[in-house]
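Q: Sequence:
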Amino acid sequence: MKVSVKLVEGMTFIAETSSGHGIVIDTKPEYGGKNLGPTPMELVLTGIAACTAFDIAVILRKMRQSFESLKVKASAERREEPPRVFTRIHIEYI
Numbered sequence: 002m003k004v005s006v007k008l009v010e011g012m013t014f015i016a017e018t019s020s021g022h023g024i025v026i027d028t029k030p031e032y033g034g035k036n037l038g039p040t041p042m043e044l045v046l047t048g049i050a051a052c053t054a055f056d057i058a059v060i061l062r063k064m065r066q067s068f069e070s071l072k073v074k075a076s077a078e079r080r081e082e083p084p085r086v087f088t089r090i091h092i093e094y095i
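Take the sequence shown: its letter number 43 is residue 44 in this note's numbering, and every next letter is one higher.
Hints in this document: simulated from the structure, not taken from any laboratory.
For each residue, glycine too, the CB sits at the ideal point set by N, CA and C.
Hints may contain errors.
Claimed, not checked - Cut-off 25 angstroms, straight-line C-alpha distance, at most; resulting in silico cross-link-like pairs (SDA-like, lysine to any residue):
(1) 72 x 51
(2) 72 x 35
(3) 72 x 46
Stated by the list, open to error - Label-pair ranges, simulated between beta-carbon atoms:
(4) 22 x 71: 28 to 36 angstroms
(5) 88 x 36: 34 to 42 angstroms
(6) 36 x 87: 17 to 25 angstroms
(7) 91 x 2: 26 to 34 angstroms
(8) 65 x 6: 39 to 47 angstroms
(9) 63 x 21: 24 to 32 angstroms
(10) 55 x 6: 17 to 25 angstroms
Produce the entire structure from the sequences given, and follow the hints as far as they go.
A: Printed below as a string of structure tokens:
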């Protein structure tokens, strides 16, 4: 698996995945962005939620459990000072 991230302008980047998908990554105007896409940390949290959703779906199917919907909500807290890492992540399965 490979990805590349290229600066477009200001704080706007384009990520390209090895599967051929493009993702616009940006930040809020107060941080020099144009808010054209999710922030890097939003993408990290999205990846965590998506990975766990995929895992749950695979496990349920292997157990031959029927389900009509699956939703995962994730929220996170971050440090106030740099580096602004996640200090807590809460995942809710619906």
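Q: Given the proposed pairing of residue 72 with residue 35, does the C-alpha separation stay at or below 25 angstroms?
A: Roughly 29 angstroms separates the two Cα atoms, so the pair is violated.
Q: Does the Cβ pair residue 91, residue 2 satisfy 26 to 34 angstroms?
A: For residue 91 and residue 2 the Cβ distance comes to about 27 angstroms; the hint holds.
Q: Has the given pair, residue 72 with residue 51, been kept, meaning a C-alpha gap of at most 25 angstroms?
A: holds (10 angstroms)
Q: Does 39 to 47 angstroms hold as the CB distance between residue 65 and residue 6, or does it fail?
A: With Cβ atoms ~40 angstroms apart, the hint holds.
Q: Can you tell me whether the CB distance of residue 55 to residue 6 sits inside 17 to 25 angstroms?
A: Since residue 55 and residue 6 have Cβ atoms about 23 angstroms apart, the given range 17 to 25 angstroms holds.
Q: Taking 28 to 36 angstroms as the hint, is the beta-carbon distance of residue 22 and residue 71 inside that range?
A: Check failed, 22 angstroms falls outside 28 to 36 angstroms.
Q: Given a hint of 17 to 25 angstroms, does the C-beta separation of residue 36 and residue 87 actually sit inside it?
A: holds (21 angstroms)
Q: Would the pair residue 72 and residue 46 pass a check requiring their Cα atoms to be no farther apart than 25 angstroms?
A: At roughly 14 angstroms apart (the allowed maximum being 25 angstroms), residue 46 and residue 72 satisfy the hint.
Q: Using the C-beta atoms of residue 88 and residue 36, is the stated range 34 to 42 angstroms upheld?
A: Distance hint for residue 88, residue 36 is violated at roughly 25 angstroms.
Q: Taking the beta carbons of residue 63 and residue 21, is their distance inside 24 to 32 angstroms?
A: For residue 63 and residue 21 the Cβ distance comes to about 29 angstroms; the hint holds.
Violation of the numbered hints given earlier is confined to hints 2, 4, 5; the remaining hints are satisfied by the structure.
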